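Visitor: Each residue of the sequence shown is one higher than the one before, starting from 5 at the first, in the working numbering.
Errors might be hidden in some of the hints.
[Said to hold, decoys possible] In the DSS-like style, the derived pairs of lysine-lysine whose C-alpha atoms are separated by at most 30 Å in a straight line are:
| hint | residue 1 | residue 2 |
| --- | --- | --- |
| 1 | Lys253 | Lys210 |
| 2 | Lys133 | Lys107 |
| 3 | Lys133 | Lys382 |
[Said to hold, decoys possible] Cβ-Cβ distance ranges computed for the label pairs, FRET-style:
| hint | residue 1 | residue 2 | range |
| --- | --- | --- | --- |
| 4 | Leu52 | Gln211 | 35 to 45 Å |
| 5 | Ile257 | Ile313 | 32 to 42 Å |
| 6 | Val264 | Ser10 | 46 to 56 Å |
Read the hints as simulated data drawn from the structure, not as lab findings.
Predicted model only: the values in this text are computed from it and were never measured.
Using N, Cα and C, we set each Cβ at its ideal position, and we do this for glycine too.
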Amino acid sequence: MTQKNSLLQFATIAIILLLVLVPFHAVTVTIIGAHTVFKPILQVWKELLILIIASASFIAYLHNRKLFKFDIINILVISIFILSIMVTLLNHSQTNSILAGIKTNLSVLVLFVAVQAIANYFSLEKLQKIILIPASLVALLAVLQPWIFPPEVLVRLGYSANSIIAGQYIESSRSVIRVFSTLGGPNQLGTYLILPITLCIALAVKQKKWLWLIPTVAFCLPLYMTYSRSAWIGAVVAVLCVLVFSLHKKIQILLTAMVVLIVLISGFTLTKINICSQFPTINSRFIHGDCSSGNLGGSDLQRLDSQKIGFNKVIKQPLGYGLGSAGPASFFSTTPLITENWYLQIAIEVGIIGLALYILLFTFIAIKLYTSSQLYNKNTIMSLTLLSVMIGVAVSSLFLHTLADSTLAILFFALLGIQKARVTK
Numbered sequence: 005m006t007q008k009n010s011l012l013q014f015a016t017i018a019i020i021l022l023l024v025l026v027p028f029h030a031v032t033v034t035i036i037g038a039h040t041v042f043k044p045i046l047q048v049w050k051e052l053l054i055l056i057i058a059s060a061s062f063i064a065y066l067h068n069r070k071l072f073k074f075d076i077i078n079i080l081v082i083s084i085f086i087l088s089i090m091v092t093l094l095n096h097s098q099t100n101s102i103l104a105g106i107k108t109n110l111s112v113l114v115l116f117v118a119v120q121a122i123a124n125y126f127s128l129e130k131l132q133k134i135i136l137i138p139a140s141l142v143a144l145l146a147v148l149q150p151w152i153f154p155p156e157v158l159v160r161l162g163y164s165a166n167s168i169i170a171g172q173y174i175e176s177s178r179s180v181i182r183v184f185s186t187l188g189g190p191n192q193l194g195t196y197l198i199l200p201i202t203l204c205i206a207l208a209v210k211q212k213k214w215l216w217l218i219p220t221v222a223f224c225l226p227l228y229m230t231y232s233r234s235a236w237i238g239a240v241v242a243v244l245c246v247l248v249f250s251l252h253k254k255i256q257i258l259l260t261a262m263v264v265l266i267v268l269i270s271g272f273t274l275t276k277i278n279i280c281s282q283f284p285t286i287n288s289r290f291i292h293g294d295c296s297s298g299n300l301g302g303s304d305l306q307r308l309d310s311q312k313i314g315f316n317k318v319i320k321q322p323l324g325y326g327l328g329s330a331g332p333a334s335f336f337s338t339t340p341l342i343t344e345n346w347y348l349q350i351a352i353e354v355g356i357i358g359l360a361l362y363i364l365l366f367t368f369i370a371i372k373l374y375t376s377s378q379l380y381n382k383n384t385i386m387s388l389t390l391l392s393v394m395i396g397v398a399v400s401s402l403f404l405h406t407l408a409d410s411t412l413a414i415l416f417f418a419l420l421g422i423q424k425a426r427v428t429k
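Please build the complete structure, drawing on both the sequences and the hints.
Guide: Below is the structure:
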């Protein structure tokens with residue numbers, strides 16, 4: 005066995021461990037970190053493993069330059085990385101938030117590039133197991149959480165306001181628990197579940213094996229129990245994409261145009277009506293806010309205000325403020341800023357140019373995945389799955405910092421990197 009093959013096999017084992025264990029990162033850090041002195045180490049194990057994977061892949065690349073291609077997608081990744089560092093050095097000066105921003109934004113870009121060297125070691129069957137086995141355990145714990153792990157039990161385990169809040173409820177009712185299982189919160193769990201749901205639908209549609217609808221329903225139950233509306237929307241969009249992209253191309257175009265038109269009309273209508281007066285019976289489930297005054301208040305209104313603040317910051321400094329200046333990483337700064345929108349977060353951190361590079365990156369990846377999904381070969385199902393998940397997550401990102409969550413971001417970028425390399429000739 006050559007040194008190159010040994011390194012690639014080592015990197016393959018490391019990436020499998022990373023992808024299988026990362027859904028359990030938050031619960032491990034919370035419980036073990038609350039009762040031992042190992043919390044700092046547990047918080048960075050993912051990044052250390054990514055560094056090891058990247059090092060092994062780079063050494064293997066030095067032995068075989070064909071393992072990595074300097075195509076437009078990888079050039080965009082490198083450009084985003086360099087731009088992020090430059091903007092941060094020029095503008096931002098708070099070390100803790102910078103490190104958090106690097107951990108959130110840049111580590112997954114490194115992972116995206118590194119996994120391309122080992123893409124051939126991953127078959128559809130292996131990727132299915134990597135995604136569905138951990139997701140099944142996460143989903144089971146989510147369904148059982150209100151009964152086996154109520155808030156008082158979670159508090160004794162180590163959950164608190166300083167880590168993850170044990171009791172998370174929908175805003176209008178203290179009787180309905182929002183489940184989060186092993187992840188960092190209900191929204192994080194909801195967006196994570198988009199991936200296994202979409203994969204099961206793609207397997208059912210493409211393989212004509214309708215038994216895959218059973219695990220789909222099983223994953224949809226904990227998704228509903230998160231009461232994460234952005235995740236619900238993202239999941240619906242992802243499933244619709246699987247169905248639409250499985251049809252004839254002319255029908256795809258027609259249905260896509262119809263869906264876009266319906267969304268635009270619905271969005272315009274919602275801006276012109278009083279939600280509280282028009283839909284009083286669904287407030288307890290679908291509106292996270294207070295309608296007691298007759299108008300929407302509470303957290304939904306606060307989200308809109310946060311997005312306005314974020315937009316104004318982008319206008320004020322369109323070249324960006326640096327990594328860690330917005331999103332969850334900004335909690336490590338003296339002026340935290342949660343924009344409730346991933347695109348605004350990126351625009352604040354790395355500027356409009358950086359946001360444009362990200363959009364170009366995802367556009368080129370989407371084109372490559374779409375082309376692969378229409379070829380009916382061994383890559384079809386995973387390409388269709390990841391393309392649909394990408395679109396669903398893109399929609400959810402309008403309302404959440406979706407890719408600031410390490411579980412989804414690591415899985416998302418690793419799988420995209422693997423599949424990008426598998427379909428690149």
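Visitor: Hint by hint, note whether the structure agrees.
Guide: Against the structure, the hints:
1. Lys253 to Lys210: 16 Å, holds
2. Lys133 to Lys107: 27 Å, holds
3. Lys133 to Lys382: 16 Å, holds
4. Leu52 to Gln211: 35 to 45 Å: 38 Å, holds
5. Ile257 to Ile313: 32 to 42 Å: 38 Å, holds
6. Val264 to Ser10: 46 to 56 Å: Because 50 Å falls inside the window, the suggested range holds.
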